[in-house]
Amino acid sequence: MTQRRFPIFLLILAVAGGGIVLMGYWVDLPALVAVRNVLLRWAATLTGVAVLLGILNLLTVHWLKIIQPREGGVYSLVMLIAFVITFLVVAVDTPTGSWSVWIFRYIQLPVETSLLAILAVLLVVAVARLVVRRPDSFTLLFIGTAILFLVAATYLPGFDIPVVRSLRDWIVQVPVVAGARGLLLGIGLGVVATGLRILLGADRPYER
Amino acid sequence: MNLANWLSPPVLGLALLLIYTLLFLFFRYRPIKKSQPSGLLSIRELAPLDQLIKSLGRALESGKGIHLSSGSGGVNGIRGASGLTGLMMLARIARKSAKNDKPPLATSGDGILNALAQDTLYQSYTAAGSRRNFDPSQGQVAGITPFSYAAGAMLAAADQPLKANLLAGHFGPEAALIAEAADRSAQLTIAGSDNLPAQATLLAAADEVLIGEELFAGGAYLQANPAHQASLAAQDALRWLIILLILAGFTLKLLGML
Amino acid sequence: MSDEDDQVTCAECGFENPLEAERCQNCGADLPAAFAENLLAQVPGQEPFINKARITPAQQVHLRLLGEMLAVEGQALLLGISPRRAGYTTLRIGTSLVLFLVLLFSLLANKPVFTHPSLTSEALEARQLVYALTPGAPVLFVVDYQPGFSGEMTRLGQGVLAHILAQRAYPVFLSTHPTGPAQAEVFITDLGINTGIAYLTPDQYLNLGYLPGGPSGLLSFSQAPQQVMPLTADGNSAWQDPPLQTIQSLSDFSLVLVMTEDPDTARTWIEQAGPQLQGKPLMLLLSAQAEPSLRPYLESGSGQVQGMVSGVSGGVAYQDSAVFTLQSDTSGITWSAYSLGLWVGAILLLLAGLYGVFRLVREQENELSRGDKP
Chain S
1 MTQRRFPIFL LILAVAGGGI VLMGYWVDLP ALVAVRNVLL RWAATLTGVA VLLGILNLLT
61 VHWLKIIQPR EGGVYSLVML IAFVITFLVV AVDTPTGSWS VWIFRYIQLP VETSLLAILA
121 VLLVVAVARL VVRRPDSFTL LFIGTAILFL VAATYLPGFD IPVVRSLRDW IVQVPVVAGA
181 RGLLLGIGLG VVATGLRILL GADRPYER
Chain R
209 MNLANWLSPP VLGLALLLIY TLLFLFFRYR PIKKSQPSGL LSIRELAPLD QLIKSLGRAL
269 ESGKGIHLSS GSGGVNGIRG ASGLTGLMML ARIARKSAKN DKPPLATSGD GILNALAQDT
329 LYQSYTAAGS RRNFDPSQGQ VAGITPFSYA AGAMLAAADQ PLKANLLAGH FGPEAALIAE
389 AADRSAQLTI AGSDNLPAQA TLLAAADEVL IGEELFAGGA YLQANPAHQA SLAAQDALRW
449 LIILLILAGF TLKLLGML
Chain W
467 MSDEDDQVTC AECGFENPLE AERCQNCGAD LPAAFAENLL AQVPGQEPFI NKARITPAQQ
527 VHLRLLGEML AVEGQALLLG ISPRRAGYTT LRIGTSLVLF LVLLFSLLAN KPVFTHPSLT
587 SEALEARQLV YALTPGAPVL FVVDYQPGFS GEMTRLGQGV LAHILAQRAY PVFLSTHPTG
647 PAQAEVFITD LGINTGIAYL TPDQYLNLGY LPGGPSGLLS FSQAPQQVMP LTADGNSAWQ
707 DPPLQTIQSL SDFSLVLVMT EDPDTARTWI EQAGPQLQGK PLMLLLSAQA EPSLRPYLES
767 GSGQVQGMVS GVSGGVAYQD SAVFTLQSDT SGITWSAYSL GLWVGAILLL LAGLYGVFRL
827 VREQENELSR GDKP
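Chains as they are written, first to last, in the numbering used here: chain S, 1 to 208; chain R, 209 to 466; chain W, 467 to 840.
Hints listed in this document are in silico derivations from the structure and should not be mistaken for laboratory results.
Careful, some of the hints might be misleading.
According to the in silico footprint, chain W covers these stretches of chain R (three or more CB under 8 Å from chain W) [said to hold, decoys possible]:
#1 282-295
#2 344-355
#3 378-385
We treat Cβ as the ideally placed atom computed from N, Cα and C, and that holds for glycine.
Build the full structure now, drawing on both the sequences and the hints.
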């Protein structure tokens, strides 16, 4: 009996919690607002705990790679050592201390900016592959628009063509914004649908 | 008459939510004629999801796995919906490949999403009668920040023999790195994100892309749950309503009533 | 079917063939029965048996396929690079080298060649918001971008932050990303190097650190900042001293400024924190990729966003127009390198597209010559 009641209890909890937070947007009752604020703070705390959960899982995966020798295990060892050092430094020196900022500035920042820099190269190659994979007018439009945007963003001395810049501005302010709004509206509908399915109990990702 | 006061965002929002709820309940519980196929609404063809279904079959035949990446958006806020959609697709994939030599690999960039992914895999394996094949390490957190997650997902995919990668969740433009790494290993990449810059880069980098809300049709397309199909039908109906509202608003503005 | 152990009779013409024959030596028809016997004989531990059943043509084909598969079983097949993937390595290396050399040359040449951009109307409005700040006015400066985007965001936000500090307002840094606190410290330290002024906390700025919880945390902070974030990133009490003593909600800040590359982050701030502002201005510092998604908030006239500076061009234009000076002003050189990079990128995209067309034509020709349908 308890096994059958527990999923129903979870469902009631999920629906009630979501409903209270949602209703708080329209109804300004002090009691409702108070409960809503408590739930929001719990959600904020849990999201912080989620970061810890993620870190623990990451450490477990890499630890298993070391003790069950697999290819790439040495990199997992480096990762674990780097984690321990960074954790100790930030715990002692605070997140904005000079040593913590040193690690961020000279290790994390160069690595992440380099990864983003690779994207520039990658996208050039991807354009070549796109032409082979999808040789149609939309691909041509995609490439043409990308080139126009790159060229129109700069002000080459002696080659400043106002028409190009006006065309680019018009494209950004009219079709791009319109298309982005359309896509965002559709995505918004999808988000609302997903949330309401959980609120109505039709989807229960929390249930085992 | 100034209608702007009546059409404030809270009022419009409440109205749309109520309309959606009614539509969903109608499509979910409407009486179905005996001559109609049970519960199946006609959904337009989505090439990326067709490719996914084919890849599942090829993966089973070739003894390779499928990698599903549910992004770094967590389950909170706007970004959570795409991650949850990715989980629903994972449930279907896991059920179909429960008896495969190579189980699916699920990576994410958030602790809660990963816990839900592991649960989803466990449920799917249990439903398929293959609980013994379940391994918690099939669900991994590849990284905590978006870029470290992209790097981790690239490596996680490279570590295992995979047939295809499904990126379904919240990704930024760094998702193109995952698609590129998959292409180097001759793996198919099907991607969908709720982030517009990511969709732009994935259009070039991935083999198949789900644009805009096509990602949210994944659950219905893969027949995860009758509620998904009802939800999709309700979304479609609400979309037409919004189109009419936009046209009406434009007309009223022209007439000076707004 | 075999009448004798070392012969097999053809089902079509009745000719007696040797046992190892796969085709009839008289009429050329397949001899599947004997073939099947031979096949089975290769399986260890299995006694060959005579298959007296009729075998259809389709079954004959399948048997032949099975035989071919068994013949190569155990042999390692050399797999070359798929022709669809070969050739892109050269393009990758070439693109990397060209971009790297061009940018390096531009930085070493040290000449500002490209004309600076002018301020857009929304950036002008943003500048007016900063000019309106009084000395000591608290400004919530949200640093919410990924470290990977530091190159663009630093160039974008440096001028604005320098202007805020020149107005002697009091920036309070906050971030909903775990790396945000360190990012903010690097940001203001680098600005200090460029202006020649050492900015100190808590005298000139405060760093509240990481705000967990995503939209829920953001909403809670907007309603009760002192309760949700009582301490600074380095563990000291945040709200004891002026000018933050009087801050009870988000609307007590003179200006809220959100610096991000992600349109969803900006939307979350606009939609969750916006209603709590109660008329106080909200300004966005956006990466170029996020601008189209968020422009409607500025242009709709709803008052949700009052100013916007976007991209490297926006940052350079803002810096040029403001009254403060930077000791080491590299904006001219980096703008030239950036602009040259854009032009080279455009040319590379064009060449990549042409390369793709070339490969497509070549693949189609290869398929035609093999007799396959394109």
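In ascending order, which of the hints set out earlier in this document are inconsistent with the structure? No numbers; nothing is violated.
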